[in-house]
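If you want the building blocks of each chain, they are given just below.
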Amino acid sequence: MDFFPFSRKLSPSLGGARGGLSEQGYRAKNFLEIFSEATIICLVILFLASCSKDEPKEKETEAYVPVPLVLEIPSLFEKNILAPVIPINNPLTEEGVALGKKLFFDPILSVDNSISCADCHAPSNSFTDEDQFSDGVNGVLGNRNSMPLFNLAWNYDERFFWDGSALSLEEQVFHPVTDTEEMANTWSNAEAALEASPDYPDLFLKAFGETKIDSVKVAKAIAQFERTLISGNSKFDKYLAGEVELSPSEENGIAVFMDETRGDCFHCHGNPNNPLWTDNIFHNNGLDSTFTDLGLGAVTGDPADNGKFKSPSLRNLAFTAPYMHDGRFNTLEEVIDQYSEGLKPSATIDPLMKKVAQGGVRITEKDKADLKAFLLSLSDEEFVKN
Amino acid sequence: MKKNITLLFLVSIFLSACSDDDDSIGRTDAKARVGFNFTHQWGDDVVTKNDFNTVQYVNENGEQMSIERLRYLVSNITFKRFDGETITMGGYNLVDLTNGTDLSFVLRDSITVGKYSNVSFTFGFDNEDNQNGAYPDLNSVLWNVPEMLGGGYHYMQLEGKFMDSTDTETGYQYHAIRAVDRSGEELAFEDTFFTVDLGAVEIKGDANIAIKMDIAEWFKNPVKWNLNELHSMMMPNFEAQKMISQNGKSVFSLGEVATQ
Chain A
214 MDFFPFSRKL SPSLGGARGG LSEQGYRAKN FLEIFSEATI ICLVILFLAS CSKDEPKEKE
274 TEAYVPVPLV LEIPSLFEKN ILAPVIPINN PLTEEGVALG KKLFFDPILS VDNSISCADC
334 HAPSNSFTDE DQFSDGVNGV LGNRNSMPLF NLAWNYDERF FWDGSALSLE EQVFHPVTDT
394 EEMANTWSNA EAALEASPDY PDLFLKAFGE TKIDSVKVAK AIAQFERTLI SGNSKFDKYL
454 AGEVELSPSE ENGIAVFMDE TRGDCFHCHG NPNNPLWTDN IFHNNGLDST FTDLGLGAVT
514 GDPADNGKFK SPSLRNLAFT APYMHDGRFN TLEEVIDQYS EGLKPSATID PLMKKVAQGG
574 VRITEKDKAD LKAFLLSLSD EEFVKN
Chain B
-19 MKKNITLLFL VSIFLSACSD DDDSIGRTDA KARVGFNFTH QWGDDVVTKN DFNTVQYVNE
41 NGEQMSIERL RYLVSNITFK RFDGETITMG GYNLVDLTNG TDLSFVLRDS ITVGKYSNVS
101 FTFGFDNEDN QNGAYPDLNS VLWNVPEMLG GGYHYMQLEG KFMDSTDTET GYQYHAIRAV
161 DRSGEELAFE DTFFTVDLGA VEIKGDANIA IKMDIAEWFK NPVKWNLNEL HSMMMPNFEA
221 QKMISQNGKS VFSLGEVATQ
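Taken in order, these protein sequences are the chains called A and B.
Sequential numbering from 214 applies to the first sequence in our numbering.
Sequential numbering from -19 applies to the second sequence in our numbering.
Think of the hints as simulated: they come from the structure by calculation, not from any bench.
This one's a predicted model, so the numbers in the text were calculated from it and none came from an experiment.
Note that the Cβ used here is the ideal one computed from N, Cα and C, for glycine as well.
A portion of the hints provided could be inaccurate.
As the list claims (entries may be wrong) - Below, a sample of chain A positions facing chain B; criterion: calculated Cβ distance under 8 Å:
#, residue
1, Asn293
2, Ile294
3, Leu295
4, Glu473
5, Thr474
6, Phe479
7, Gly483
8, Asn519
9, Gly555
10, Leu565
Stated by the list, open to error - Mimicking EDC-like on lysine to aspartate or glutamate, the simulated pairs with C-alpha atoms at most 16 Å apart in a straight line are:
#, chain 1, residue 1, chain 2, residue 2
11, B, Lys29, A, Asp515
12, A, Lys581, A, Glu594
13, A, Lys568, B, Glu149
14, A, Lys568, B, Glu209
15, A, Lys430, A, Glu404
16, B, Lys29, A, Glu404
17, A, Lys557, B, Glu209
18, A, Lys568, B, Asp144
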């Protein structure tokens, strides 16, 4: 890992979002570099192929090269944080994203053709649903709240789910199809259904160059689609861009949020220099003294991780109730009360939950109302309408 | 064959020039890639992330404590020659022992082989570099300091639990930032970044320089830290920030310089 001089880092226009030192930044940068190399190699191969005398084959090959798709990254993201993570083995393409979108909304992946991804991840709810626990096929309930889906390409550590059990977005997609509490299907079943359909073989051919359909390609396509779900146009984003003013209540709300002696939210949920509003890290935030769900601890096997769950983004809270990993709170008032007065001690509680001995940060009713107003200013109406 | 002998002869002259010990006149053009790596200890005990999350350390004040999170920023690596010339390599690195990332880095620019009277770095950012929101990689890991405290970036986050006077496991957050006094109408600052002088090193070729952090020193000298009195809300605490900075001066030392 290199140690860049400041001249390159001080200017975003020079260093850019990919000028950082972290491994993630390098990885993203390398992906881009390698991807472009791969593109050149592909072009050379195409060129060579075009010299071949076997003309019919040439046309067939050319017809199925998917068109690279460049993410439209909000300028606030581009300026302030590292580039998104796009895996080298699953670059975004127009055909791949379109296929992923179709699969996302199609119940064909479920065992009885009854539910699609979108049933628990509805666009109007910022790609989650309104239930505490979502219905799987046959009405079976899960034990975690469905997570909203946006800005997933900026999860630099690439640990997905509330408990971090999936180590890439592609891996995450694998899970719901076969989970008995979700789609309860088998991959061979799902693959057979897709291959038997009139549309999918051709769409897979266009996206991946082969009509053969398998779970890896399904996961890749859906992951591509999910990476295009970018939310970056809330009222607060517009405020940062100088387009709108905050109300006095929202202004006090961000001050409560950033004040270590009041809300003290920023160490985990971020600040105006980072548009993600999460650290994408796992914390025990003092919900319980004993755990029925070990969260990250069940994944790592380390008792020090018991009761830890991923900090969710604070974007789009207007559309994502109920809240917490188990959907225990129906309103933002309940969430704020939890941090203000409801904290419970346990061995793994995060040191950042500073006032656990007093039950929480104990902010005034006015500060609570203003904090809520600020939080709602992070909701992006445009995102849920598109 | 003749050519080869000539070449060997030239190379041997070149090599003997490199081994010249008198650096004030014996500069060579040979360059080396230099890396740094950070190791951590509590007194004599090595600390890695595997030692986290267990109350097993005793600080100078006799309080039992654990470590759950440790990350800190170093910047402005500088080499000083015996003739007084300084070579500033610039840059910064966020050491994150919690995740085991960026525990080492290699300077982008190579450096002339030879003896140096001192290698130094800045703990944290100096004020010129501590620009609010200027570094996307640091923003990405929420390393920022709230603007109401002057903005810019943290210098260190050291967190864990300690057994308080009622024998209750209590969280501490030993966060270092630029000291800010909020008592007046305007924010008043006092610098808390500091230069760490590691001392003389000889760069014989591509090398790795180990920098050791003794975590116990943060609680030891000159301020015998009392966690019962001061374990939380340290960012807005002007006096606490100054004490952290004072204690930091004896935390770092030079480890092994390994030529590769």
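Each hint, compared with the structure:
Checking asparagine 293 (chain A) against chain B: minimum C-beta separation of about 5 Å stays under 8 Å; hint holds. Given the 8 Å rule on beta carbons, the hint for isoleucine 294 (chain A) holds: about 5 Å separates it from the nearest Cβ of chain B. The interface hint given for leucine 295 (chain A) holds, since its Cβ lies 5 Å from the closest Cβ of chain B, which is under the 8 Å cut-off. The closest approach between the C-beta of glutamate 473 (chain A) and any C-beta of chain B is roughly 5 Å, which is under the 8 Å cut-off, so the hint is satisfied.
This hint holds: threonine 474 (chain A) has a C-beta 6 Å from the nearest C-beta of chain B, less than the 8 Å allowed. Against a cut-off of 8 Å between C-beta atoms, the interface hint on phenylalanine 479 (chain A) holds, since the closest Cβ of chain B lies about 6 Å away. Annotation: interface hint on glycine 483 (chain A) holds; nearest CB of chain B at approximately 5 Å, less than 8 Å. For the restraint placing asparagine 519 (chain A) at the interface with chain B, the shortest Cβ-Cβ distance is roughly 11 Å, beyond the 8 Å limit, so the hint is violated.
Hint status for glycine 555 (chain A): violated, given a least beta-carbon distance of 17 Å to chain B, over 8 Å. A least Cβ separation of about 6 Å between leucine 565 (chain A) and chain B falls short of the 8 Å threshold, and the interface hint therefore holds. For the given pair, lysine 29 (chain B) sits about 12 Å from aspartate 515 (chain A) by alpha-carbon distance, which is consistent with the 16 Å threshold. For the proposed pair lysine 581 (chain A) and glutamate 594 (chain A), the alpha carbon gap of about 23 Å is over 16 Å, so the pair is violated.
Pair hint lysine 568 (chain A) plus glutamate 149 (chain B) holds up; C-alpha atoms about 13 Å apart against a cutoff of 16 Å. Taking the CA atoms of lysine 568 (chain A) and glutamate 209 (chain B), the gap is about 14 Å. The hint holds against a cut of 16 Å. A C-alpha spacing of about 10 Å is found between lysine 430 (chain A) and glutamate 404 (chain A), which places the hinted pair at or below 16 Å, so the restraint holds. Using a Cα cut-off of 16 Å, the hinted pair lysine 29 (chain B) and glutamate 404 (chain A) is violated, with the two alpha carbons roughly 43 Å apart.
Under the criterion of a C-alpha separation no larger than 16 Å, the hint pairing lysine 557 (chain A) with glutamate 209 (chain B) is inconsistent with the structure, at around 22 Å. With a C-alpha separation of about 14 Å, the suggested pairing of lysine 568 (chain A) with aspartate 144 (chain B) holds against the 16 Å cut-off.
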